[in-house]
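Number of protein chains: 2
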Amino acid sequence: MISEGTNRTLDLAISPDGSAAPGQLYTIEARSGVAVRLQKVQLLRIFNPSGHQVCDFWAFAAGDLTEYLSMAHLHTSLGSIFPKVGDKLVTTRRRALFTLTEDTSPGVHDTIIASCDAARYRELGCTQYHDNCADNLCMALCAIGLEAPLVPAPFNIWMNVPVAADGSTRFAPPVSKPGDRVVLRAEDDAIAVMSACPQDLTPVNGENAAPDILQFDVVDQAGNASSGR
Amino acid sequence: MISEGTNRTLDLAISPDGSAAPGQLYTIEARSGVAVRLQKVQLLRIFNPSGHQVCDFWAFAAGDLTEYLSMAHLHTSLGSIFPKVGDKLVTTRRRALFTLTEDTSPGVHDTIIASCDAARYRELGCTQYHDNCADNLCMALCAIGLEAPLVPAPFNIWMNVPVAADGSTRFAPPVSKPGDRVVLRAEDDAIAVMSACPQDLTPVNGENAAPDILQFDVVDQAGNASSGR
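For the record, the sequence lines run as chains A and B. Per numbering that gives the first Met the number 0, the first sequence runs over residues 0 to 228. Per numbering that gives the first Met the number 0, the second sequence runs over residues 0 to 228.
Honestly, the hints are just simulated from the structure, not real lab data. This list has only true hints and no planted wrong ones.
Any copy will do: because identical chains look the same in the list, a pair fits if it lies in one copy or spans two.
Once the Cα atoms are required to be at most 25 angstroms apart in a straight line, the calculated SDA-like pairs of lysine to any residue come out as:
(1) 83 <-> 161
(2) 87 <-> 117
(3) 87 <-> 100
(4) 39 <-> 118
(5) 39 <-> 122
(6) 176 <-> 165
(7) 87 <-> 161
(8) 87 <-> 120
(9) 87 <-> 125
(10) 39 <-> 186
(11) 39 <-> 12
(12) 83 <-> 188
Chain A with its partners taken away, still in its complex shape (with noise of 0.2 angstroms):
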């Protein structure tokens, strides 16, 4: 997959092929998506500093991109649209490639809700190109130098999509609190991308908040924890 249009996503690369400095605090800048690729047991950690801004977060197998982070297999191994500390995160085999190991938000994240598009914005009315997840995550690829075989169902971290017993969603403002944080165990090698969502037309990313940044950093399984936080 190719992206629709073009933002500074493509020229944020942590380095060449992805790899992060362990301990190293990096920072996705607002409306924009980062790669990063991670080895088994590492921890990739992930920082809300405005405390309302959602993560799309996708991951692919490191050795093969058609196995990917599914939402709709999660479902069914779970028994659950929320993922909870301790909950394995699942592929399109029903493999594990992350555990949720931490979470210190009430744990109200999406897992139904297709990223964001440029088709999707058009909808909304947007007449020229609006920064979206599902291109952020092409370039973020593109930036190490891979191409996303398809944009997956995203896992929404802190984004707050209700669902009433009648089936019908809404998206309501993130109930995530400034510094939250979410911590995902690598299981296999992987890929993963997180975009900073750019929504600002509905509040996905609070009530008349300007999308904000996010930061992350990969932790060691010795314990070689960020130094930033």
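Dock chain B against the given chain A, drawing on the hints supplied.
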């Protein structure tokens, strides 16, 4: 995508290219799948003779199989996880490929659960190949000379997966009744695939009920109705 195993689906194409004879009633054998080519404005009527048989449903744009019905995009466009009569079913490009024009059942269908596949049956304890919907999709397309680029998350017609207030899900028996039908109008040329779900280890197809047949016909917009019912 190619299937992990095979069953009679490979031999059950309704015609070499999947085109249907309008008005002819076709049977989908229990545990198998069938692909059907639809022209814009044709109606696809899917019948549930037993009332308890789930139909995994996928559809691709006829001209480009990389555009397909997407449940994650559907949730955004409908503001619901349950499509109702009058709702449009959209693709990965947020384009309406079908409209749900009739539903004689209570409207309980699933849009969040992945198709069963070989890996799912291994998880459930199967040590030998078990018929499964993901393979049925691949085989049904193969039977008309096409290859699925992936196994999209399906529209699980008549499948009953209640989502509780805490996000938990469970597999419950269908609430549809014998003879129920769902009618989909093609909004553009499409390749639809239906699988009579072979799940017999959970109550997806009814409590203690064996997987059963489904039936379908294609009706021209001119009103050339099925002779079969």
